Structure formats: structure tokens, C-alpha cells
Amino acid sequence: MSIVLHAQGITKYFYDPEKFQVLKNINLQVARGQFLSLVGKSGCGKSTLMYVLSTMDTDYEGTLQIAGASLTGKSQNELAKFRNRHIGFVFQFHYLLPEFSVLQNVMIPALKLGECSAAEIEQRAIEKLKLLGMAEHALKKTNKLSGGQQQRVAIARALINNPDILMGDEPTGNLDSHNSNIVFDIFRELTTVHKQTIIAVTHDEEFARRTDRVVEMSDGKIISH
Amino acid sequence: MSINLSSLKLSLTIARVHLFSKPKQTIIAMLGVTFGIGMFIALIGLMTGLNDFTEEITMTSSPDIHIYHDITEKRVNLLEVVNPQGLNVVHHQKPKNETAKLRSAAGIVEALRHDPRIQGAAPMISSQVFYNYGPAQLNGQIQGVEIMEEDKLFDLKSKMKDGRLEDLLSFQEGIIMGSGLAKKLNMKKGDRVVITTPQGFTRTLKVVGIFQIGIGVVDNIRSYANMSMVQTILQQDKSFITDINIKLKNRHLAKTIATELQSNFGYKAEDWETANATFLTGVTVRNIITYAVSFTLLVVAGFGIYNILNMTIYNKMKDIAILKAMGFAGMDVRNIFMIQSLVIGLLGGLLGLLVGFTLSVLIAQAPFDGGDLINLDHFPVNFKPTYYLTGIVFGICTTAIAGYMPSRKAAKVDPIEILRGQ
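If you read the protein sequences in the order shown, they are chains A and B. Read in order, the letters of the first sequence are residues 1 to 225 in the working numbering. Read in order, the letters of the second sequence are residues 1001 to 1422 in the working numbering.
The shape of chain A in the complex, shown without the other chains (with noise of 0.2 Å):
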């Protein structure tokens, strides 16, 4: 089994209002493929840890290796490029830009890729937007959609670029139950049919026990994996 993401030795602090240590030297490698999710609680570091290991954060110390690339001490610009190439993002809003229709808001990160041509991009977005079962509303504005419909909306954005890691933060956690079973079964399926690597913060235990590993924090630490 490959592994996609191999974080080592990573430790951070926080310096405001005083020094603290949120992340104490925590390794963790996650194989192609795996439903993970990332559990703990407020305050234990779960989210931080995501926030390094999706490039975003690059205030740490330790390393970040993803798809074999090592991460540690690039530039903004290079990182960013690489997350538009290799990572999908879930928040716990769905921040799907309001001006813009379904189908462009799913668009942008292949356009901002700029690999295929528009009509491509068109053709691939309709296509995730299938998988999700969003593709009828592919035209409508997104303030126009339920919160489950636009948290799946931007799944498919997520997914667009057919990256390595899909990363979310509390994906679940601004809907109800149904919603969340709904989201939970879209994850599930890209796991299973598409080998899709799946990285979830949450602290949704119904969730997590549904996953296929689960990577427990505590005070900064991994306590159970």
C-alpha cells in the first residue's frame, strides 16, 4: 500500500497570547486510499495539525512530505500551486463564491490549473457534479441551494482537480443528521469506488467510528491511531 502523506517530527507553537506548544512531534503517514478521520477535543490541536498538513500553515517545524513531494520550507506561491494541483478542500461552510454559478464555482480550480481546455473543464465539473447528484442545479446561482446541496457543491470543487488528499474540516458540522449521512455516503463511495484519500477533522463521533482509521489527539499529541 502506498502512502500519499508523511508528516514527521511536526511541532508548532502558538505565540500569542504567550508561548505554547500545540503540536508536540507528531508523525503520521496515511496510505492511498484511506478514510481517515482526525478526532479529539476543542483545543487538543486537531485542526492545526490539518491546517499544517494542507500546506496552508507553514509556521512549523518537522517535515511534509504529499504524493512525494516534500513540502517543508517552499514558498506561498509554490504551495499554492501545489494545493490547486494535489489537494481538495472541505470546510465547514461550503464558501462557494455567490456571484458565481454551480457549474463556474466547480470550475475555478480547474481553470486557475489551467491544464485543459474551458469546454474540458466544463465536461469534468458536469461529470463530478453527477456524482454528487448536483447536476441539474449545474446553473443555478449558489445562494439558490440547501445547505446540504451546496456542501455537496463544494465537494465536487473539491474534487475537480482529481487530487491526492481531500481534506475537511468539520465537513459535517453546519448540517443536520440527514444532511450529514448524505455528505458521510458521498465520502464512503469515493473512498470505496475511487480510492479517493480522504483526511476529516472532526468531532462527529457517529462520523469517525464510520471511518476507516481514526486518529485520536490529545494535548498536542497523537493518542491513539
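You may find that some hints are simply not true.
[What the hints assert, rightly or not] According to the in silico footprint, chain B covers these stretches of chain A (three or more CB under 8 Å from chain B):
hint, stretch
1, 42-56
2, 79-89
3, 104-112
[As the list claims (entries may be wrong)] A few chain B residues facing chain A, derived, Cβ under 8 Å:
hint, residue
4, His1018
5, Leu1019
6, Lys1318
7, Met1326
8, Gly1327
9, Ala1329
10, Pro1415
11, Arg1420
These aren't lab readings, by the way, just hints derived from the structure by calculation. In this text, all values refer to a predicted model and were calculated from it rather than measured experimentally. The C-beta atom is built at its ideal place from N, Cα and C for all residues, glycine as well.
Go by the hints and put chain B onto chain A.
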């Protein structure tokens, strides 16, 4: 790092959507620039129009360089010559009794005409005279000229209100009179006027034409007559010349050339800038006011854009954060907002040019009475394309600077702070 065209295109698309999604805000920001540039164009058109008008008037009323014998010029006193080592005091020295004649004037004119920097030189005789109007006498001035030479220097042909310059050539006893003077004397073309010289000599001349230069101080006192005629009136010989007027190829060299001529020929040489110093200080003052006001207007418009972009960016924090998470570099985000401010600047600026042009056209039609001093019935307005170019460049630069600061702030947004679920 190479410029990624598809990224730029995407930034452009997003910028366009932002601009169109808040049309009111976009239009208000644009109107700020429009107003600034419109006023700039109108102001500078009017001010430079006035300046050009003033300069043209000074050009027609005074030669580029005027050579004459200034008998009031300070001279070395006799005591100084006899006793150069001593401490000499001569109180209230008066000028010598000299005529205003330029010696070897013909030679000077010949030399001047060979100077490559000089386009033309015309000799003339100038004298105070009285114009008799029944029992009343009006003080004035008569200039004995070679009228066609004078025309080359001052374009007199276009200033003629009645009669032709050529009539003076064919009629020895003729006179061409200033319009103000003719009005005071109640004269028309064909009437006769009696003039008296300071020496008491009287002569009757026939008015063959009337000119109007546009400045009261000239039109109210001056008239032109044939050179030989004036020499006769003054009871002088054919070599009597009092003034030489010079037209230069480049009038901005007048000051230096005048100094040179003065030392070469030993007579006073006065350049047009010195002769019209009072008129020309107005030009500088107007320029300062125009640029100060325009600059202020554009800075205010700049602040408007700065405010609106700042507000937009504040409202779009979430969008910026997600774009950065999805792989937009700081530069891409900055471009989105820079494009918006540049589009506002460009469209607002172009609209401003149109507004400025319309205002200029309206101002040019507004009636304006220049009074006795200058002959003016409408405001002179300048429509030079250079000012329109300056306006749009200035406008775009202002918006670029005003847009750059908030855009840079947007580029530096830390996505984690915004995206992190609390």
C-alpha cells in the same frame, strides 16, 4: 516566474463578476474619477486657453525683441571720466540732449537679417503726436513703418477691420488707425485727421484703414503711416530710424539674444518677456491653480476608490480565503482587485474626458466681456489632445495607486484565520 495567462484570465473573469454584481458601487467609484478628470479637462482647457490668448496678444502687441535708443539709460558722468580714482558724487544727473535716432540703423538691420536665428527685422520711427479732434487734442503715437515688413512681423493683415494694408503703399499721405482711437476721434475710412508733432509741426493725413489688435492700450493710441511720411513730419532725414523690431525663429531664446544684441550694437534691446512681465505672471499663477485644483480632485477620487475597494475586500474575505486555499497565489488575488480599480479608472477616466469636453464646449460658448483692455467676447478654451492624454494617464495612475494598497492587503490575507471552523 512566468506570467500564467490562464490565471490572469481567471482573475479578469472574477474581477468582472465582482464589478457587475455591485453596479451601484462600481458606478459611484467611477463617477469620482469622472468628476475629477472632467473638471481637470475643463479647467485646463479654460486656463491654457486664456494663457494662449494672452501670449498671442503679447506677441502681436510687442516684437520678440525691440531695439531702441533709451536716452534715459544711465550714462557715465564726466567727473568719473576725469577723475576715475576719486570718490565722486553727482546728484540727480539728467540725460544728455540726444535724439532718439539709431545711428547706422540700416547697417544694423542688414546685420540682423543675416543672423540665422532671426526671421525678420523691421526698422521704424516712433513718435508721440497729438490727434486734433475739433478743438480737442488727443495724445497718441504714430509709427512710421514699411508696412509690408511690419505685416511679416505682426500679421497686421488679419487685424485689419477696414481698408487694406496695400492702400498705405499707394497713398503716401495715408494713415492706418487703431480702432479705439478712430472711435474716439469719430473717424471712418476716408476721413482726414490733423496731427501735430511735439515740435509743433502740423500735417493732414487721410485714414486709409482701421486695425484692431485686441489690446486697448494699443488700439486706443497707435496709428501707422509710411516711414518717409513720418520722417517728413518730424523734419528728419531719410536715415532717421528710432526703433528696430525683430521676430525670432524661436521666441523662447529672446532673452539671451536680446542681451547679445544690446552689447553688440550699444542700444537697448528689450525682449518680449520683459516687456510683458505683468501679463506673463498671470500665466504662471493660472498654471499653478489649475494643477493644484486638478490634483486635489483626483486625490479625492483616489480616496473614493481606496474606500470602496477596501470595503469590497472586507466583504470578500471569505472568497479570498477559499481562493487562496484552492491554490490562488497572492499575486492572483491582487490582480483580481487591481483589475477592478484599473477598470474603474479607465472607464471613469474616459467618461471624464467626455464630460470635460462637453464642459469645455459649453464654456467656449459662454459670453464674456473682456472690457476695454482686451477684445474678447467669449472665453478662449483650449482643446489640445495632449491635455486629454494627460488627464487619462493621470486618472489611471491615481486609481492604480489607490487600488494597489487594498489589493496588496487582499493578497496578504491569511486563509487559515478565516476558514478555521470555530
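Each hint, compared with the structure:
no.	hint	in the structure
1	42-56	holds (count 4)
2	79-89	holds (count 7)
3	104-112	holds (count 4)
4	His1018	7 Å, holds
5	Leu1019	10 Å, violated
6	Lys1318	6 Å, holds
7	Met1326	5 Å, holds
8	Gly1327	2 Å, holds
9	Ala1329	4 Å, holds
10	Pro1415	6 Å, holds
11	Arg1420	6 Å, holds
Of the numbered hints listed earlier, the single one contradicted by the structure is hint 5.
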